[in-house]
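Novice: This is what each chain is made of:
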Amino acid sequence: MFEEIAQIVREYKGNDSLVIAPETTFSSLNLDSLETVELVMKVEETLGVSIDMNGEINCVGDLMAVLEKTH
Amino acid sequence: MTISIIGTGVGLPAREVSNDELTAITGLDTSDQWISTMTGISSRRICVDETATDLATTAARAALLDAGVQGEDLDYILCATIGGDTRTPSLACAVADQISATCAALDVNGACAGFVYGLDLAASLISAGRARTILLVCTEKMSAHVDWTDRNTCVLFGDGAAACVITAGSMLKQIHVGAIPDMTAITMRNRMSGNSPLAPTRDEPGYVEMDGKRVFKYAVSIMEHEVQRCLDALDLAPDDIDHYVIHQANKRIIDFTISRLGLSPDKFPLNIDRYGNISAVSIPLLLHEMRGQGKIHPGDKLLLCAFGAGMTYGSCVMEWE
Ligand SMILES: CC(C)(COP(=O)(O)OP(=O)(O)OC[C@H]1O[C@@H](n2cnc3c(N)ncnc32)[C@H](O)[C@@H]1OP(=O)(O)O)[C@@H](O)C(=O)NCCC(=O)NCCS
Numbered sequence: 003m004f005e006e007i008a009q010i011v012r013e014y015k016g017n018d019s020l021v022i023a024p025e026t027t028f029s030s031l032n033l034d035s036l037e038t039v040e041l042v043m044k045v046e047e048t049l050g051v052s053i054d055m056n057g058e059i060n061c062v063g064d065l066m067a068v069l070e071k072t073h
Numbered sequence: 004m005t006i007s008i009i010g011t012g013v014g015l016p017a018r019e020v021s022n023d024e025l026t027a028i029t030g031l032d033t034s035d036q037w038i039s040t041m042t043g044i045s046s047r048r049i050c051v052d053e054t055a056t057d058l059a060t061t062a063a064r065a066a067l068l069d070a071g072v073q074g075e076d077l078d079y080i081l082c083a084t085i086g087g088d089t090r091t092p093s094l095a096c097a098v099a100d101q102i103s104a105t106c107a108a109l110d111v112n113g114a115c116a117g118f119v120y121g122l123d124l125a126a127s128l129i130s131a132g133r134a135r136t137i138l139l140v141c142t143e144k145m146s147a148h149v150d151w152t153d154r155n156t157c158v159l160f161g162d163g164a165a166a167c168v169i170t171a172g173s174m175l176k177q178i179h180v181g182a183i184p185d186m187t188a189i190t191m192r193n194r195m196s197g198n199s200p201l202a203p204t205r206d207e208p209g210y211v212e213m214d215g216k217r218v219f220k221y222a223v224s225i226m227e228h229e230v231q232r233c234l235d236a237l238d239l240a241p242d243d244i245d246h247y248v249i250h251q252a253n254k255r256i257i258d259f260t261i262s263r264l265g266l267s268p269d270k271f272p273l274n275i276d277r278y279g280n281i282s283a284v285s286i287p288l289l290l291h292e293m294r295g296q297g298k299i300h301p302g303d304k305l306l307l308c309a310f311g312a313g314m315t316y317g318s319c320v321m322e323w324e
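Protein chains in written order, with my numbering: chain A, 3 to 73; chain B, 4 to 324.
Hints are computed from structural coordinates only; laboratory data are not their basis.
Beta carbons: idealized from backbone N, C-alpha and C, even for Gly.
Careful: at least some of the hints might be erroneous.
Think about it this way: if two alpha-carbon atoms lie no more than 27 Å apart in a straight line, the pair counts; the simulated DSSO-like pairs of lysine-lysine are [what the hints assert, rightly or not]:
1. K304/B - K44/A
2. K270/B - K304/B
3. K44/A - K254/B
4. K15/A - K304/B
5. K15/A - K270/B
6. K216/B - K298/B
7. K71/A - K216/B
8. K270/B - K176/B
9. K270/B - K216/B
10. K176/B - K216/B
11. K254/B - K270/B
12. K15/A - K254/B
13. K44/A - K216/B
14. K176/B - K304/B
Derived contacts from chain B toward chain A, CB cut-off under 7 Å, selection only [claimed, not checked]:
15. C106
16. K216
17. R255
18. W323
Assemble the whole structure, with the sequences as input and the hints as a guide.
Specialist: What follows is the structure, given as structure tokens:
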């Protein structure tokens, strides 16, 4: 699942060689809070899941944790 | 035969408040930079001593004049609002009083989708033969409803009114309204619900509260879905639409929708930069401004789409005459 999310992040940023780790924060990728929502929506569509944004989703690992908890 | 809009008018507070002024007036920890980057809003109109009735009446008179219709010619006044100056009588009755109309007068609370809801009701009344001429007045005095100490919400909204006169015609090609019930995404508690002498506690006054990210997600998916639904219903291609007149809640919602649908930003008129979100008023205000600027031509196809607290939504396609 990590690699799928990492690939969606790379596509969103338009940079295929972007190095992504679970600790990579969205702000370090220069995504503001609404761009993070846009990215989450792309993950939802690509993986066919729905993601609750109520908790803090600051890094790729947070996103994976929410997904693992709900699916 | 459906309905046509034969006149439009607006009523706006005189005072325009820029982001910098708003920051100074409220003393909030916010900035022009944050507000404009996150929302596309530069300024908004805010009432000083104007009432909702004042704004609604100004818009109503201008629309009647534009249409060449008198107050006494009306069969129905519909006000799209989340609340006028008095809970009862309705704002529609307050407008009737001001323009010397004696027809049916009713408020409709479809939140930010109120204009499309109003059009749907007007179309139903006219096609059922219950009315020939309807005044739809969208009015929102959001400054009365927001918590001025909450930077998450108060920076987003503005005050204003926009009206249109509606008769039987053939402009409206397709309309759909609906709701995805969610009682907490945007909410304003009723200030009177704890007033019973038997209630254990008294309610505090309620202001607009919002889960911004949840609303953002709803808004983008509703717009995407509704645009596609309108196009499919009339077998149109995206390029067949000349103007996508979309509720002005946040420019970022509009930008994201445009990129997801792969549409041209030139077809999306904007006024959020100057007015912020005026709820049901934003679309008819845009229509009025576009007419004034000569941007709508006979034969142009317009796709209107709005979403609001509820979550209500509505969309329609019109061909201008
Ligand atoms: C309101 C909106 C712009 C906020 O964006 P967001 O990504 O949800 O922002 P957040 O609330 O997570 O805030 C991001 C940061 O900005 C801060 N912030 C919020 N409002 C701020 C303001 N007015 N000025 C400065 N900073 C602000 C937050 O405190 C947060 O800072 P932190 O990360 O240090 O805690 C966005 O949610 C939105 O527009 N949603 C749709 C709302 C809407 O259209 N409603 C009406 C529908 S009809």
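Novice: The structure should be examined with respect to each hint, and the outcome stated for every one.
Specialist: Okay, the hints, checked on the actual structure:
{"no.": "1", "hint": "K304/B - K44/A", "result": "30 Å, violated"}
{"no.": "2", "hint": "K270/B - K304/B", "result": "11 Å, holds"}
{"no.": "3", "hint": "K44/A - K254/B", "result": "19 Å, holds"}
{"no.": "4", "hint": "K15/A - K304/B", "result": "35 Å, violated"}
{"no.": "5", "hint": "K15/A - K270/B", "result": "26 Å, holds"}
{"no.": "6", "hint": "K216/B - K298/B", "result": "33 Å, violated"}
{"no.": "7", "hint": "K71/A - K216/B", "result": "20 Å, holds"}
{"no.": "8", "hint": "K270/B - K176/B", "result": "19 Å, holds"}
{"no.": "9", "hint": "K270/B - K216/B", "result": "26 Å, holds"}
{"no.": "10", "hint": "K176/B - K216/B", "result": "33 Å, violated"}
{"no.": "11", "hint": "K254/B - K270/B", "result": "14 Å, holds"}
{"no.": "12", "hint": "K15/A - K254/B", "result": "20 Å, holds"}
{"no.": "13", "hint": "K44/A - K216/B", "result": "15 Å, holds"}
{"no.": "14", "hint": "K176/B - K304/B", "result": "9 Å, holds"}
{"no.": "15", "hint": "C106", "result": "44 Å, violated"}
{"no.": "16", "hint": "K216", "result": "5 Å, holds"}
{"no.": "17", "hint": "R255", "result": "5 Å, holds"}
{"no.": "18", "hint": "W323", "result": "33 Å, violated"}
In terms of the numbered hints stated before, the structure departs from hints 1, 4, 6, 10, 15, 18, listed from lowest to highest.
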